[in-house]
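Protein chains: 2
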Amino acid sequence: MDKIISLCKRRGFIFQNSEIYGGIAGFYDYGPLGVELKNNIKKAWWEEIVQKRENVVGIDGAIITHPRVWEASGHVEGFTDPLVECKKCHERFRADHLIEELEIKETGAVGEELIKKLTRALKGVKCPQCGGELTKPRRFNLLVEAELGVVEEGKKKVYLRGEACQNIYLNYGNVLSSQRLKIPFGIAQIGKAFRNEITPKNFLYRQREFEQWDLQWFCHPKEMEKWYDFWKEERMKWYKSLVNHKENLRFRQHEKDELAHYAKVAFDIEYKTPFGWKEWEGIHWRGDWDLSRHGKFSGKDFTYKDPETGEEFVPQIVETSGGVDRTFLFLLFDAYQEIKGCRTKTTKAVKEVEILLKLHKSLAPVKVAVLPLVRNKPELVKKAKEVYQMLKPHFSCQYDELGSIGRRYRRGDEVGIITSVTCDFQTLEDNTVTLRERDSMKQIRVEILKLKEVIQKILEGEEFLKFGKIIK
Amino acid sequence: MDKIISLCKRRGFIFQNSEIYGGIAGFYDYGPLGVELKNNIKKAWWEEIVQKRENVVGIDGAIITHPRVWEASGHVEGFTDPLVECKKCHERFRADHLIEELEIKETGAVGEELIKKLTRALKGVKCPQCGGELTKPRRFNLLVEAELGVVEEGKKKVYLRGEACQNIYLNYGNVLSSQRLKIPFGIAQIGKAFRNEITPKNFLYRQREFEQWDLQWFCHPKEMEKWYDFWKEERMKWYKSLVNHKENLRFRQHEKDELAHYAKVAFDIEYKTPFGWKEWEGIHWRGDWDLSRHGKFSGKDFTYKDPETGEEFVPQIVETSGGVDRTFLFLLFDAYQEIKGCRTKTTKAVKEVEILLKLHKSLAPVKVAVLPLVRNKPELVKKAKEVYQMLKPHFSCQYDELGSIGRRYRRGDEVGIITSVTCDFQTLEDNTVTLRERDSMKQIRVEILKLKEVIQKILEGEEFLKFGKIIK
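Taken in order, these protein sequences are the chains called A and B.
The opening position of the first sequence corresponds to residue 0 in numbering that gives the first Met the number 0, with each subsequent residue numbered one higher.
The opening position of the second sequence corresponds to residue 0 in numbering that gives the first Met the number 0, with each subsequent residue numbered one higher.
Please keep in mind that the hints were generated in silico from the structure rather than gathered at the bench.
It cannot be assumed that every hint is accurate.
Identical copies go unnamed one by one, so any copy, or any two together, can satisfy a pair.
Cut-off 20 Å, straight-line C-alpha distance, at most; resulting in silico cross-link-like pairs (EDC-like, lysine to aspartate or glutamate) [what the hints assert, rightly or not]:
hint	residue 1	residue 2
1	Lys468	Glu76
2	Lys125	Glu84
3	Lys86	Glu132
4	Lys155	Glu144
5	Lys156	Glu90
6	Lys468	Glu224
7	Lys51	Glu351
8	Lys339	Asp1
Take the sequences, apply the hints, and build the full model.
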């Protein structure tokens, strides 16, 4: 984990938010490489969930909504985590974090049952900071409040959305009437949410400001089970397609006492992180809870009439919901490799550890590096810059002339650059370049005229060695 | 304007936020077509500002930052609009909105000068709601406050960012040390900001939650003027490349009393909207104000040492900053056309008005419609669905079989679909389809085998008629 955090800062993936003012717990900023990787991740999800399907559409709703939304959703009353405070040093902790094996899998839903369970489990547990006595656990609401309105007296309390999906329920009727959709169909969204986490921790994993992706799938009550199974498998397949270590993915079925009262079943897709198996995405059986509650609180009727059979029902919902930032983090865990003994074999420092960030081709923030073999030959530099200008409009590209060629390859491997183009003395003679593949470190010789097409195909997944003979 | 709002709701571009609860002033949600259009707009900006340039990188920072940020930036003290209240009905108004010709061009910077000016101008002006007497104008701070932290007593006041660009200054040092950049270079960002607007109005134009794009260009003090002029022209060129009505774009130079004290000059790019010429993007001379202030408040030193000359200076900043939502709105104004007398000539309703949304090819939310000529011939429907499946992985596509073919063309024109593919009886014989272009309504015949390539080229800007003879 420390190595990932260090790489993230050193190479510009993630910076601590407001670092020059000492930072603020639970908030991070994405740097130049981070924003490209995050955008690629979001794009991949949008393609998978919205663009490739005929019956899923997207929306993008505001972070602030009418406060009644959060009463209807049950968050104002029930979106709580268990809090304990040290009677001596007044430090506050999330109760379940003090007993690791009891950690609540889904944040924000603490019942009286759990409070009792925690109270028993915490007997004898002291403050981890000063050893003082702890208060009994109590429920602490996670919604972040904000003030809207024009003057002090007239200010209105609103909430920053605690989960992004509420906008989808709010817009269900408008989407249905403006689009040519029939049940079953889905509405998808990517957007920020905010939670007053008691103890933000594990870097990007538990933040106070974070981004979620949600698909809400509206279907006939009789088809809930079928669609639940469908989406469970679809989502697992997708995550498997993005990682190197499929063995680090698993389903975890929720225990009965973890289930929301309306849910028949719930599964998480979990990933094995350095801090244990953690939720990546949750596939939830929401039934008619959301539409019924908003129907009741708003006075609207969300009954759906089947245009063919005339049957009337309130659509039920399968939700599949994950975190963008945690996807970013888990994919870094999955991609990060340390190779001892100078993998690139181009420096003498054979005892140095080399870092390889083996990100999926579609996600890597930079696809191509263009390198002159040496920087003190103007012809080579000129040629390399020409190649760079040629490729730049088509791929995310980087020009790098600083340091030995081996060092530059390593610098590229460290941030996951898929392929490197080197212009050398032969280039000046025959207009070919060396193309190097990140994962195999194999090198082939390619004509500059064909370069764009070859790189395009490699990025689409075609076999690197198809395009030339190995020269190294 | 009403027509745009109505189109936006009817076709799923924009919905009122929390509409089922009566809405909340100043907040909107993007619907299925809206989110695609907005994402295309953001992508176009990112390509223009970040991807095509060698010396601009992106970031994506958190909405909530350390509260000291907003003291250093001057917002806690000075980010104000002028407020008046009716003494009788207690309705509140933005003072300058009551005197249209006095509207403050840049929100959030009201000096004592302006308050005096407004006080004079408001003499005799009554409450537009009840005719009551108005209070004197006073400064009202626009920052939206939120509460962070774990328990009531320990809550900490933070601000939702009033302008997104602050994250860029905060990360300047980290970006510089993690990337291979030299002055001059730029940092770009797209992200949400929040303002407690006194009177949100004009649909997406003045919202309380909105999205901004910012480029902050860091340069040598001696080169400020050069770069200022460079970016001013670059930005105007870009907007011109996206609109149909270039005559609706202009520069407006800020008056001396509008200028921030550190600015030598300021220009807005304005667009002629139904409610007058309005700011689209601002090109600002920020000098060393931001880095100096954050340097002072954080105790960090942002002096830059030129690696070649050894010269030391605090970089100065040219900012060019616009609104994503207002770009969305202005582009709708620009694209919206009503054509009387049945432009598509395919229905008998010659007196009906037809709507054409002439959006730029790169921005249109749906690129291709696939239509069977009639829906009651299974062979045609089957063929059209095959064509749809073939095109869908490559373009944003819509399949539509409902209503007459003319009606379906009109439905496509109304949301800006670039080209329509119709499968008819001839298709079954010779595997060709009719391809129709939105703007000219010209139709040509294209082989299905070549369809993907032809559409690709049309979307890249090639001449439609290059690909076949006009048949209609």
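Verification of the supplied hints:
For a Cα distance limit of 20 Å, the shortest separation of Lys468 from Glu76 qualifies neither inside one copy, at 66 Å, nor across copies, at 66 Å. Proximity of Lys125 and Glu84 under a CA criterion of 20 Å is satisfied intra-copy only: 10 Å inside one chain copy versus 55 Å between copies. In this homomeric assembly, Lys86 and Glu132 come within 20 Å of each other (Cα to Cα) only inside a single copy, at 6 Å, whereas the closest approach across copies is 55 Å. For the identical chains of this complex, Lys155 and Glu144 are neighbours both inside a copy (10 Å) and across copies (11 Å), given an alpha-carbon limit of 20 Å.
Within a single copy, Lys156 and Glu90 get their C-alpha atoms only as close as 27 Å, which misses the 20 Å cut-off; across copies the closest is 19 Å, which meets it. In the homo-oligomer, the alpha carbons of Lys468 and Glu224 never lie at most 20 Å apart, since the shortest distance is 52 Å inside one protomer and 53 Å across protomers. In this assembly of identical chains, the alpha carbons of Lys51 and Glu351 never lie at most 20 Å apart, being 44 Å within a copy and 36 Å across copies at closest. In this homomeric assembly, Lys339 and Asp1 come within 20 Å of each other (Cα to Cα) only inside a single copy, at 18 Å, whereas the closest approach across copies is 66 Å.
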